Amino acid sequence: EAQVTQNPRYLITVTGKKLTVTCSQNMNHEYMSWYRQDPGLGLRQIYYSMNVEVTDKGDVPEGYKVSRKEKRNFPLILESPSPNQTSLYFCASSFSGGGYGYTFGSGTRLTVV
Amino acid sequence: GQQVMQIPQYQHVQEGEDFTTYCNSSTTLSNIQWYKQRPGGHPVFLIQLVKSGEVKKQKRLTFQFGEAKKNSSLHITATQTTDVGTYFCAKNSGGSNYKLTFGKGTLLTVNP
Numbered sequence: 179e180a181q182v183t184q185n186p187r188y189l190i191t192v193t194g195k196k197l198t199v200t201c202s203q204n205m206n207h208e209y210m211s212w213y214r215q216d217p218g219l220g221l222r223q224i225y226y227s228m229n230v231e232v233t234d235k236g237d238v239p240e241g242y243k244v245s246r247k248e249k250r251n252f253p254l255i256l257e258s259p260s261p262n263q264t265s266l267y268f269c270a271s272s273f274s275g276g277g278y279g280y281t282f283g284s285g286t287r288l289t290v291v
Numbered sequence: 003g004q005q006v007m008q009i010p011q012y013q014h015v016q017e018g019e020d021f022t023t024y025c026n027s028s029t030t031l032s033n034i035q036w037y038k039q040r041p042g043g044h045p046v047f048l049i050q051l052v053k054s055g056e057v058k059k060q061k062r063l064t065f066q067f068g069e070a071k072k073n074s075s076l077h078i079t080a081t082q083t084t085d086v087g088t089y090f091c092a093k094n095s096g097g098s099n100y101k102l103t104f105g106k107g108t109l110l111t112v113n114p
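As you go down the protein sequences, you meet chains C and G in turn.
Numbering-wise, our numbering comes out as the position in the first sequence, counting from 1, plus 178.
Numbering-wise, our numbering comes out as the position in the second sequence, counting from 1, plus 2.
If you're looking for bench data, these hints aren't it; they were derived computationally from the structure.
Watch out, some of these pointers could steer you wrong.
Said to hold, decoys possible - Selected chain C positions facing chain G (Cβ under 8 Å, derived; list incomplete): (1) G220; (2) L221; (3) Y242; (4) F268; (5) G283.
Nothing here was measured: the structure is a model prediction, and the numbers come from that model.
For glycine and all other residues, C-beta sits at the position ideal for the given N, C-alpha and C.
My request is simple: use the sequences and hints to build the entire structure.
Listed below in structure tokens is the structure:
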């Protein structure tokens with residue numbers, strides 16, 4: 179089944195403890211992206227990647243890192259999480275070019291205490 | 003980046019009534035995408051509009067792209083309880099998906 183898989187689905191962590199949220203897609207998509215969703219603020223793009231080893235900042239990149247060493251994987255790294263990073267995170271992927279929408283993962287609900 | 007503005011923020015309807023959400027941009031868009039997110043779910047791609055004045059239909063859903071390519075609308079005819087969710091429009095940069103900016107969405111609730 180074609181899908182974007184995120185892990186974990188839920189995570190509670192403490193301030194300052196490094197964590198990684200994994201994302202993998204099996205559709206051979208070039209583009210991958212991370213979004214966070216907060217009440218009243220909608221979906222905001224954190225980072226995106228156009229292909230292997232090509233990444234760039236979205237609208238809210240502060241406090242996050244990403245890497246794209248393989249086409250299928252796009253992990254999101256929080257080196258020192260803070261409470262304001264408590265949010266619902268979505269990974270998404272797409273073919274390049276026009277006409278294709280993003281396929282989203284099921285989301286990771288992160289709580290930083 | 004420049005956002006797209008969506009109105010209304012919330013809409014509550016009786017089942018069977020029609021529903022419309024609007025998406026407006028201050029700049030000309032290369033294209034516009036629409037997504038639906040069910041409560042507790044993830045966004046699901048519905049459609050992309052590219053041409054000025056374009057109208058596309060998916061069963062009871064009608065999508066329009068304005069002549070000036072600065073606005074778009076999603077109209078649902080005779081809503082059903084399965085239509086409940088948040089509808090987002092999204093714009094991308096230069097026709098490619100890598101930088102996709104979402105509106106804040108319209109939450110639709112349907113009273114059976």
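Each hint, compared with the structure:
Interface hint at G220 (chain C): satisfied, since its Cβ lies 4 Å from the closest Cβ of chain G, which is below the 8 Å cut-off. With its C-beta approaching chain G no nearer than about 4 Å, L221 (chain C) sits inside the 8 Å limit, and its interface hint holds. Residue-level restraint check for Y242 (chain C) is violated (minimum Cβ-Cβ distance to chain G is 16 Å; threshold 8 Å). The criterion of a C-beta within 8 Å of any C-beta in chain G is met by F268 (chain C), whose closest approach is roughly 6 Å, and the hint holds.
At its closest, the beta carbon of G283 (chain C) sits 7 Å from a beta carbon of chain G; the interface hint therefore holds under the 8 Å criterion.
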